[in-house]
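Enquirer: In order, the protein sequence lines correspond to chains G and L.
Each residue of the first sequence is one higher than the one before, starting from 5 at the first, in my numbering.
Each residue of the second sequence is one higher than the one before, starting from 50 at the first, in my numbering.
Everything labelled a hint here was simulated from the structure, so no lab data went into it.
These figures come from a predicted structure and were not determined experimentally.
We put the CB at the ideal spot given by N, CA and C, even for glycine.
Keep in mind that a hint or two might mislead.
Footprint (simulated), chain L over chain G, 3 or more residues, beta carbon under 8 Å [to be verified]:
no., stretch
1, 72-86
2, 250-264
Pairs of lysine-lysine, BS3-like flavour, derived with a Cα cap of 30 Å [said to hold, decoys possible]:
no., chain 1, residue 1, chain 2, residue 2
3, L, K117, L, K251
4, L, K122, L, K165
5, L, K69, G, K136
6, G, K136, L, K143
7, G, K10, L, K160
8, L, K183, G, K14
9, L, K293, G, K10
10, G, K332, L, K143
11, L, K165, G, K14
To give an idea of the chain L side of the interface with chain G (calculated C-beta under 8 Å), a few residues [claimed, not checked]:
no., residue
12, L68
13, K69
14, K117
15, Q137
16, R140
17, E144
18, L145
19, K152
20, V153
21, N156
22, L163
23, K183
24, R216
25, L218
26, E241
27, M243
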Amino acid sequence: MKQTVKVPWKAYILNAVCAVLIFVALSGMISAEVIDKYIQGIIMLVFINIILAVSLNLTTGFLGQIALGHAGFMSIGAYSSAILTKFIKDLPEGSFLQSLPPQLIFGVALLFGGLLAAVFGLLVGIPALRLKGDYLAIITLGFGEIIRVVMENLEITGGAQGLRSIPGYSTKYFGMCYWITILSVVFMYMLVRSRHGRAIMAIREDDIASEAVGIPNTYYKVAAFSIAAFFAGVAGGIYAHYLRILGAKTFNFTRSIEIIVIVVLGGMGSITGSIVAAIVLTVLPEALRSFSDYRMLAYSVALIIVMIFKPSGLFGRYEFSLANIIAKIFGKKTGSKKEAVEGGVK
Amino acid sequence: MENNPVLRAEHLGIVFGGLKAVSDFDISIGENELVGLIGPNGAGKTTIFNLLTGVYQPTEGVIYLNGKSMAHKKPHQMVKEGIARTFQNIRLFKELTVLDNVKVAFNQGMKYSLLKAVFRTPSYWKEEAEIDRKARELLAVFKMEDMADSLAENLPYGQQRKLEIARALATNPKILLLDEPAAGMNPTETAELMETISTIRKNFNISILLIEHDMSLVMSICERIIVIDYGQIIAKGTPQQIAKNEKVIGAYLGA
Ligand SMILES: Nc1ncnc2c1ncn2[C@@H]1O[C@H](COP(=O)(O)OP(=O)(O)OP(=O)(O)O)[C@@H](O)[C@H]1O
Ligand SMILES: [Mg+2]
Chain G
5 MKQTVKVPWK AYILNAVCAV LIFVALSGMI SAEVIDKYIQ GIIMLVFINI
55 ILAVSLNLTT GFLGQIALGH AGFMSIGAYS SAILTKFIKD LPEGSFLQSL
105 PPQLIFGVAL LFGGLLAAVF GLLVGIPALR LKGDYLAIIT LGFGEIIRVV
155 MENLEITGGA QGLRSIPGYS TKYFGMCYWI TILSVVFMYM LVRSRHGRAI
205 MAIREDDIAS EAVGIPNTYY KVAAFSIAAF FAGVAGGIYA HYLRILGAKT
255 FNFTRSIEII VIVVLGGMGS ITGSIVAAIV LTVLPEALRS FSDYRMLAYS
305 VALIIVMIFK PSGLFGRYEF SLANIIAKIF GKKTGSKKEA VEGGVK
Chain L
50 MENNPVLRAE HLGIVFGGLK AVSDFDISIG ENELVGLIGP NGAGKTTIFN
100 LLTGVYQPTE GVIYLNGKSM AHKKPHQMVK EGIARTFQNI RLFKELTVLD
150 NVKVAFNQGM KYSLLKAVFR TPSYWKEEAE IDRKARELLA VFKMEDMADS
200 LAENLPYGQQ RKLEIARALA TNPKILLLDE PAAGMNPTET AELMETISTI
250 RKNFNISILL IEHDMSLVMS ICERIIVIDY GQIIAKGTPQ QIAKNEKVIG
300 AYLGA
């Protein structure tokens, strides 16, 4: 939560290098077929869950408002982006839109899905965010369900039959999905560590005091809510172009619960915690597949154990920092201490 | 009456479920004045603060800050017009650092947009560096610069009260409302606090409206005192006048 006043070039470069290295390793393993289609699918789900969890953490962890309708926003992004790409795919051969690079079409579709989800976030958020705690949880859950039911019954979304033969862009442009995930995380991190993030956390800590020091609570609540909805929409878009079929039950409320479990387990208010929990809670059920009968049992037990011994989640509000770890390994002062000293002199 | 009241309210009143918590409350505070607001428990002092800062909308009357009507303004909009406050039950951002508590209150004076924050443009770094310096300077006024990085909830009680005042000052107010700032402090801390209040009034050139149960504190530092009971003003005047007022003595002795 510390504000650095100097550009932390070292940390930026380090993280960028790491992101590139992971990208190179993943693409290498995919082209060498070390990673097969099945594992690649799991990794795709990890990306999607990271975006979902990190964005939900903004409302739940940083803003402190329990919102349970994330799957609803995800479905808006999924359907709208899929409808767009399908529409372009089904245009007559040789039309202008079809001649565009598919990556561009995919990117624009995701953006479109995200923006539409954000608009709905705004529409739902303005009335819903007047409520707090349990009431907000219930009303967002309700809104999520309404959105889903409407989506599943419109003609344009394929009705009860669902939306089929969506172009498989996610698997095809795996690297693009990877970078979108990285960008989403970076976006959240930069947002949270800015004056806007401070305002959002102040509302979580005490909303009467935040107003009393000049924070427009409603503005920030609604903004955080629709930003989270935007990213849920983007994640939904990636999901749609991975599944290639959207149907009933794809986005029911257990989906929302799954995302909130990731956030709570990782630590409300820790972005890196959400990332780790998204990876663990996506991979673990798959890894336990051979014990199929006991799989969900093991999963639940793992959750209960964490909640008993670490109710604030694995990371609490702590953020894992590569730069700090490396500094520690090489026996230098840790980054945060160093910052404190630099700041204290001023 | 001052020529140029920083804060003025007329016939202020609020009803809670049939109960008139405050009625017909008038106040006018000029530049750099220090006014005391006293009264027995449950008299309506905190309610008056909540009215003056926009937490409650008055059912009657109007509030003016620097001559501007504050009707239907939200608390954060009133902060912009130059009013700041502390709370009777300390309300800090407990799990934020001391430094961040103060920085939050600077938010209104900061400009960089959300996108500029995300892209970490030079304006982000410039404003953040400036706010960091200002926040630390402000903490230094309260001799709290060494605690900048601890969580607010880990401060001792007296320090928490001071941090709340520092945070209120960060909004750059013209008038500061303090709700029982000495509550729960020992005599040494109280004396130190009185010093601080006088200093900030001088250095920041602000007016102060002070609620305080500690009579000696109120009598010694306030120029004017307003006494309320059952939500109504029962006396106004200099500390000397108030000390001799029959009604006030009656109210405090429960007569
Ligand atoms: N939100 C509210 N709803 C209903 N009644 C309220 C509300 N706020 C205050 N009151 C009532 O208004 C009256 C005045 O309360 P207030 O807190 O303003 O007193 P006070 O003078 O600050 O007392 P103290 O010295 O104990 O702090 C009390 O009877 C209180 O119960
Ligand atoms: Mg009170």
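Enquirer: Would the hint on L:R216 stand, with a C-beta cut-off of 8 Å toward chain G?
Expert: Where the cut-off is 8 Å and the nearest Cβ of chain G is about 6 Å from L:R216, the hint holds.
Enquirer: Going by Cβ atoms only, is L:K117 closer than 8 Å to chain G?
Expert: Cβ of L:K117 sits 16 Å from chain G, so the hint is violated.
Enquirer: Can L:L163 be said to touch chain G, with a Cβ gap under 8 Å?
Expert: holds, 6 Å
Enquirer: Should the interface hint for L:R140 be scored as holding, given a Cβ-Cβ cut-off of 8 Å against chain G?
Expert: holds, 4 Å
Enquirer: Is the straight-line distance between the alpha-carbon of L:K293 and that of G:K10 30 Å or less?
Expert: Not satisfied, since the Cα-Cα distance of roughly 59 Å exceeds 30 Å.
Enquirer: Could you check if L:N156 really has its C-beta closer than 8 Å to a C-beta on chain G?
Expert: Holds - the Cβ of L:N156 comes within 8 Å of chain G, reaching about 5 Å at its closest.
Enquirer: Mind checking, does the stretch 250-264 of chain G have 3 or more residues with a CB under 8 Å from chain L?
Expert: Violated, because only 0 residues of the stretch 250-264 of chain G bring their Cβ atoms closer than 8 Å to Cβ atoms of chain L.
Enquirer: Would the pair L:K122 and L:K165 pass a check requiring their Cα atoms to be no farther apart than 30 Å?
Expert: holds, 29 Å
Enquirer: Just to be careful: measuring from the Cβ of L:L68 to every Cβ in chain G, is the smallest value less than 8 Å?
Expert: Constraint on L:L68 not satisfied, violated at 22 Å.
Enquirer: Given the hint that L:K183 pairs with G:K14, test it: the Cα-Cα distance must not exceed 30 Å.
Expert: holds, 26 Å
Enquirer: Is G:K10 within 30 Å of L:K160, Cα to Cα?
Expert: Holds: G:K10 and L:K160 sit about 19 Å apart, inside 30 Å.
Enquirer: Holds or violated: is there a CB of chain G closer than 8 Å to the CB of L:L218?
Expert: Cβ of L:L218 sits 10 Å from chain G, so the hint is violated.
Taken one by one, the earlier hints fail for this structure at numbers 1, 2, 9, 12, 13, 14, 15, 23, 25, 26 and 27, listed in ascending order.
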